[in-house]
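Top to bottom, those sequences are chains P and X. Residue numbers are given in the working numbering: position 20 of the first sequence equals residue 20, and the series is strictly consecutive. Counting the second sequence from 1 gives a position; the working numbering is that position plus 113.
Hints may be right or wrong, so weigh each one.
Simulated pairs of lysine-lysine, DSS-like, Cα-Cα distance not exceeding 25 Å [unchecked claim]:
| id | chain 1 | residue 1 | chain 2 | residue 2 |
| --- | --- | --- | --- | --- |
| 1 | X | K130 | X | K170 |
| 2 | P | K1 | X | K128 |
| 3 | X | K128 | X | K170 |
| 4 | P | K42 | P | K1 |
| 5 | X | K124 | P | K42 |
| 6 | X | K170 | X | K124 |
Which stretches of chain P does chain X cover? Using the computed rule of at least three CB atoms under 8 Å from a CB of chain X, they are [to be verified]:
| id | stretch |
| --- | --- |
| 7 | 20-34 |
| 8 | 61-74 |
| 9 | 79-85 |
FYI, nobody ran anything at the bench for these hints, they're computed from the structure. Even for Gly, the Cβ is constructed at its ideal location relative to N, Cα and C.
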Amino acid sequence: KQEVTQIPAALSVPEGENLVLNCSFTDSAIYNLQWFRQDPGKGLTSLLLIQSSQREQTSGRLNASLDKSSGRSTLYIAASQPGDSATYLCAVSPGTSGSRLTFGEGTQLTVNP
Amino acid sequence: GAGVSQSPSNKVTEKGKDVELRCDPISGHTALYWYRQSLGQGLEFLIYFQGNSAPDKSGLPSDRFSAERTGGSVSTLTIQRTQQEDSAVYLCASSRTSGGTGELFFGEGSRLTVL
């Protein structure tokens, strides 16, 4: 059974700092890995998706990497802003064709002005 | 619409009543998922529809829960004889798995409160 773990559970940083969020998964046979953002009381917003054959994806100040063999992904946020405050979740889709995602518990990020 | 649409956004019901939650996925998306998020918890998988294949119901917590997807589009999640532990946000997502990347797009959720 796939298990996804995110560390740390919560993180508070001053504005402008670069930061790294970690995600690990137990079964390396994944189809893709996706990072989401969730604001309080809202649904999930897709940030980045990395296919199993890829090593990283970038969007603006965000960069996500994937090391399938070690079962790890990191989300790097450059020059953090108060608007980045949210819960960040990673999720993996198993197998060769993709199906239901298994989610981590999330990292709650607070960026202080 | 452009995104995944869910209704109602909020539902308050009494214990023992039945509720129906609706999800309208992005047009052309063949895969549809239901997840549940209890207060302060992660996402719990409920059910997955892919095209005309038999749905993956392995996440449904009890036989009080059922879901259907009519015409390969709109889906309804039904909870019978609601219990207080059913209180949660029910999230629907869709993806275009055929020819796509499998990226999931979520709706805003339906917040269910069982009194």
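Structure-based check of all given hints:
| no. | hint | result |
| --- | --- | --- |
| 1 | X:K130 to X:K170 | holds (22 Å) |
| 2 | P:K1 to X:K128 | violated (33 Å) |
| 3 | X:K128 to X:K170 | holds (24 Å) |
| 4 | P:K42 to P:K1 | violated (28 Å) |
| 5 | X:K124 to P:K42 | holds (15 Å) |
| 6 | X:K170 to X:K124 | holds (23 Å) |
| 7 | 20-34 | holds (count 3) |
| 8 | 61-74 | violated (count 0) |
| 9 | 79-85 | violated (count 0) |
In summary, the structure is inconsistent with hints 2, 4, 8, 9 from the numbered list given earlier, while agreeing with the others.
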